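Chains as they are written, first to last, in our numbering: chain A, 1 to 674; chain B, 1 to 477; chain C, 1 to 409.
These are calculated hints, taken from the structure and not from any lab test.
No farther apart than 20 Å at their CA atoms in a straight line, the calculated lysine to aspartate or glutamate pairs in the DMTMM-like style are these:
| id | chain 1 | residue 1 | chain 2 | residue 2 |
| --- | --- | --- | --- | --- |
| 1 | C | Lys210 | A | Asp213 |
| 2 | A | Lys236 | C | Asp134 |
| 3 | B | Lys348 | A | Asp464 |
| 4 | A | Lys233 | C | Asp193 |
| 5 | A | Lys231 | C | Asp109 |
| 6 | C | Lys70 | C | Asp303 |
| 7 | A | Lys52 | A | Asp85 |
| 8 | A | Lys549 | C | Glu211 |
| 9 | A | Lys463 | B | Asp344 |
| 10 | C | Lys218 | A | Asp639 |
| 11 | C | Lys93 | C | Glu358 |
| 12 | B | Lys185 | B | Asp284 |
| 13 | A | Lys463 | B | Asp211 |
| 14 | A | Lys540 | C | Glu211 |
| 15 | B | Lys119 | B | Asp164 |
| 16 | C | Lys168 | A | Asp293 |
| 17 | A | Lys587 | A | Glu631 |
| 18 | A | Lys546 | C | Glu211 |
| 19 | A | Lys116 | A | Asp75 |
| 20 | A | Lys231 | C | Asp107 |
| 21 | C | Lys400 | C | Asp117 |
| 22 | C | Lys192 | A | Glu183 |
| 23 | A | Lys354 | B | Asp394 |
| 24 | C | Lys252 | A | Glu543 |
| 25 | B | Lys456 | B | Asp375 |
| 26 | B | Lys185 | A | Glu509 |
| 27 | C | Lys168 | A | Glu219 |
| 28 | B | Lys94 | B | Glu75 |
| 29 | B | Lys410 | B | Glu200 |
| 30 | A | Lys161 | A | Asp115 |
| 31 | B | Lys318 | B | Glu59 |
| 32 | A | Lys546 | C | Asp206 |
| 33 | C | Lys210 | A | Glu543 |
| 34 | C | Lys86 | C | Glu372 |
| 35 | A | Lys233 | C | Glu148 |
Computed from a prediction, not measured in an experiment: that's the story for all the values here.
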Amino acid sequence: MKKILLVTGIIFVLGLIIFIPGKKLAREHVNLKTAVSDHPLLCTNCHLHIHKRSPFARFDQADYLSPLNLAVSNDGKLVYVAAQDGNALLVADVEKGKIIRKIPVGNRPHSVIVDKAGEKAYVSNQWSDNVSVIDLENFKITDTLSTGNGPAGLSLSSDEKSLYVVNSYSSDLTVIDLESGIEIKRLSTGNNPTGATLSPDGSDLYVTSRRADIAHYGEPLVSHLTVMNDKSKRIKTYLGMESAYLMENVAFTPSGDMAVVTLIRPKNMVPSIQVERGFMMTHGIGIIEQKEDGRIIQLLTDEPNAYYPDPFDIVITPDGERAFISNSGVNFITVVDIDSVRALIAESNPEMLKLWPDHLGISSRYVIQRIPTGANPKGLALSPDGRTLYVAEHLEDRIAVISTDKMETVKTIDLGGPGRITVTRKGRRLLNNAGRTFQNQYSCYTCHPDEHEDGLVYNMASKDMGRNITNTQSLRDISDTPPFKWNGKNQTVFKQDGMRFSTVLTRSEPFSYPDLDAISSYILTGIKYPPNLGFNPSGKLTEAQKRGKKVFERTKDNLGNVIPENNRCITCHPAPFYTNLKQVDVKTLAASDDSILFDTPHLNNIYASAPYLHDGRAITLEEIWTIYGKEDKHGLVGDMTKNQLNDLIEYLKSLRSPDYEGNSSKIHKASIHP
Amino acid sequence: MRLKTVLFATGIVSLILSGVLLVSCGKKSLEGIIIITQASSSPVSPDYITGKSWRYVPESHLYAIDPGKPGKTPESLTEDFFSACSPEISYDGKYLLFAAQKNQDDPWQIMEMNLERRKITQVTSGAENSVDPAYLPGGRLVFSRTIANDSLKSGHTLFTCNTDGTNLKRITFNPHSYFASSVLKDGRVIAIGRQVFPQEETPAMMVLRPDGTKAELFCQSNDGMEFFSRGRETSDGKIILIESDNNTGNRRNLVSINYNRPLHTMSNLTSDITGDFYSVFPVDPGRFLVSYRTSETENYALFNFDPVKRVLGEQIYKSADNSILEAVVVRKQERPKKLPSEVDAGVKTGLLFCQNIAITGLSSPENIYSLPVADRIEVIGVDSSLGVVKVEQDGSFYLKVTADMPFKIKTLDAGGNTLNGPGSWIWLRPNERRGCTGCHEDQEMVPANRVALAVKNQPVAVPVHISGVKEKQVELE
Amino acid sequence: MRVILQKFIKLPFTPNQIKMKKVIRNQYLRITSIAVIILGTLSMGFRHNDKNDGDSKASPSSAPAVKSEKLPGVTGELPPVPVYGKWRNFTTKDGLPSDKAYCVRIDGDRVFAGTHDGLAVYQNGKWKTYTTKDGLAHNGVVSVDVSELTGDVWIGTLGGLSRWSAGKFETFNQFNSGMPNDLVYMVICVGKDVWVATGGGAGHYDTFTKEWEIFTEKNAPMHEPWTYGVSAGDGKIYIAAWGGGVIEYNTKTKQFRDYTDPDGFMEIDLQPNDGIIHDITTATSWADGILWVSTYFGMSRYDGKYWKGYFDHDSGLASNFINFLRAEGPIVFACSDKGLSSTNGESWVTYKKNDNNENGVAILTNGKEKKEIPLSPCIAHNFIIGVDGEDGVLWVATSKGVSRGEIIK
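Input sequences plus hints: build the corresponding full structure.
Listed below in structure tokens is the structure:
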């Protein structure tokens, strides 16, 4: 007994000796990182989950599948699933309710389509710049077709002799002759295109675009639908969708009288002073009448006190009565009655049609149901008879099977992902869900689609309205480039997404600390850059890029004069992240900005982040210097020839994540050749 | 030797400590118990200014009844009080808030009872009456209170405070009287509010954030009707409350409103039922508790109600001599969101932005964009005009207004003639930034995505004399 | 071209450029006179064939002189030069935005006319105008070409390059893109590539990779960056460079070759058919294996081996001052300040309008033979800058409107 008391006492005293000063130090450390004084003092909260290169990181890894898009076999017995994180095409047997095949494809498969005969499937590999052709008899890859950059949406031509591939990163449409397997042309599309659907009569291909045309703050926001004639394989027209963006997908009514796109109507030019009354984001559909002088009409699917953000996919039943829309930000499928939409349009005069896109109440006329789903519903597919709707529950690794009669989930198909939800995965779900925003008006994803940025410039009115407009910044691979925000005021993601974030942005309850830890973990470890296959596929620079690198690293101007160190590109933008993590003044402060220094942005994948500078004033990389760098304060460029500037820009476009350096061949292998 | 003794002692202490920690103090749960308000009288028509006999029910008392043991005598919870009513259960199901007066002439105060120990603590104090408490998340509550020496006779104002009565804050600042507040799942407060100055208006259901910002209309009662009871939110997104029908001799119905679209979804659930309803409490989406009487000669009794079939269920409790006016069930409930606050006491003003004044309540969908744009607005205070402000070409204006000061706005043409308004009273909290799509517009409209001319310049200070105020700069982002 | 642009839009000439030209002329006059005497003596009595090895520069000694009128390397009869009549002229009265037309381009059932005040499109018998209000980069439209691959219309203007795709204009200029310069004198579409000749060099835009390449005196055999014309043929790009003759760029080997005037800047051709007529070239056009080059001092024909020069005094050419030319199959159309000429290399048809009325003549020249066919009406004006022909129809851009003619027997 004495011994027990003695030992207990020693342990207790030792405990106190370590505990008291240790706790004090830990408290100071955590307070500094989180900018709050009550974040729990548990080392594992952060240190297990926020260091992507730490040995602990593997404890937080799991091989998720993340289904994105679907296709149903012609007999309705099989569902083909593009598993974005699984780099595979999964074949699900509907009756058995399980996966019967897993076919490895390229990196980040995006979409899958099946030909009329049901013999071949085509899978777009967004991070491999190619399409896998799969024989559906033996489930083998028979061919790999090269495309433009970031292949996403797919469609076969009406005669099935050509394959149309939407290149989401290079903003164009590849036309592949399927007999030769060769790309015969590339047509210019809207900005960041994604979905592609052929009209029921096979005459036109509609291609959606997610980004609006890059424009200066204050100029009208317009995104373009691209319409290509199937016969001539030439662009027929670009349809401007005003005040809208993130048009993810498009569907036609079977009668072909309407094409319907999903869309978001952002309020980036309205001061962000409240969330109430749709002051930040609204979500809905765009209807393109398929007739001579057909109108484009937008309608919201939100309600006055409830928002249904991030509409992704849309399908219309074969009887043409209902449209199903996946609202990936709130885990719902919205059901729209098409005849009610027709009736509303028919009875509305032009002023009313101008009003409805900004009216939250009108959805009660045509939204007839909201069907709950698992986490982050994305791709949709209907069975041939239209009685079953399949939903890719992106962050659930599951397919929901919904009865379109009962309008409820009747069963689910587990794709065989890891059962557990890691902290990072939880963070990814949080980032993609609007539940933390007042009335679910928007998720992080809404302004950061694909965890990147939306190309818009916002009036974040943290103080006066109309001032301090800022260009959305990407969330890709930012763990090594603190501080955050254009003014660099947030030293960590914990602070960035903490109390102030909820006060001025989400205007709802802040993240709980476990949630904050999870979302920080995902942002800091889970968001990768796509490989820069467009400008730097192998790490081997082109001649122009090599010349540009010299210009980037130059210490003397063309006349041999030494360039002051603080005015050289390389000084503020050193590899591997191309930022020195410091705040500087490059004379880009606008009259409407408060007097601040700007955090030096990192430059990896900079080609994908137009517009440029803190307020997006530079539409292209060139404009940073040709129009806004005339004072030679943002690097010395005054002496450069146009050839040199072009070379410099070609080099900047080649910059990519250091994660790809040294293993570029691995990226290449992603493109599977049979 | 000494060290050894010390270590022995420490060991013993640590063992005792750990022992203490191991002892769990589990007490019987009151889960499922119904707490009712019982009174000998019930108001004929509510007084929206004084709240007399309506929110202050004389000689009312709270009782606990166990629905599992019918026939068991209810347990009196407030026998030490002259009157006690308006029970509310905390989200963890462990505490009870109510309004009460110790003696007949005492002011009413908010009380909180620990339901396990039946221990009552007084939350509010002072000479003013405090009634209608409701729990806010984060250990705070909202309630109605009279204002001493109230020049506007505004009746009752909403306040919030901690459950121990500290950190008392006023959150409404217009000449309205507010009663029967409750808290929505989104974290906002709804309450029945009625304008009392310059003239009385029909009571409406108002909504605002717990810091008093973003106050606006939530929904209005039907013509000839008046909101009567607290609104309560069900788990399936409905707000249920009692509406009294002045056309038919104060007949009271149970109505339901969709949270998602409150302005256009009110439906009467009891139109086919004769008799009156006094209050309602949602047990689950398929079952409500209601206090109901078949006629004015009867006392109110406690019944089940099926909102799907819209029929009364079995009677749960009836008192021979008294009316059962209110009922709440003791249980854990989903805690509403704890909303952050943009209020900064260091700032003396708030900012108001209107995007397009041409969009007004006068407009209909057919002519909404074709009304004449006002040339200017007049900001009107309680006692005098606070100034006239030119409206931008695009119909926008941007004001910096003294905080916590009620004001109205009316629109004028170039000749100074009134086009529209004045609208209802508005106030801005310190550092509040508030936006409107139009002027008394259809509240279901959202702003167009464009840069308004007004915010390209500094806001116009209203009234003019505060334009020189040096403001504290606040960085909230 | 620069002269025309001066006349039309008063494009500023820098005094240095004018000075430089004078210096070059005087200096070259002396040097080349001596050189010609020496070379003439050396070349007397012997000749050797130019192997065209792709990297040697065409020089007086390597280019054999053509003695006879008959074109060397041509066996049999050349296809006859068609005569165009039934001229119809269009001016602002007919819906053109301006009478000052800079270029014409036929695209199936529509015709593009670039004018001083915008792009005019003729379709179904009507002209429709597009200007900067519609998104055009600049209203001074000097060149138009249509991509056979995509159908996109590429428009070279005096303020940037526009891509007109299915009604949507997109502007490329020297500020927002890798474009060499905003004075786009010529644009052509070659498969997926777009080539421009600009005041700041030639530019190549790859519509697949979205990359711009610039060719100037810094990285190509040019005297200065000014380029006025560009054409394509046989896997090569032919750039008409101010003072640089013709720069040939092999798109496969990415090698340059330049063709300059052995007589330098002399305005007389001392040694006939020894190479390109003058280093100040205004346009190039390649068709049926023949490269045609226009200058302000005459026109040249190059079959890959032999050069042949044409002047107003020894051929049917309307004037030595040629603004632009375009070859359609075996026939080339030369736009001059004194009329429009067309030839197969041997026989000629030249169109000239009367000064005092709308009528004119087609002058048929074959060696010494000359014949005139009266035309009523004739082309709109004799100062011609643009031409395009297809399926027996010829469109002409003049300083007083646009003309349309059809082949007559």
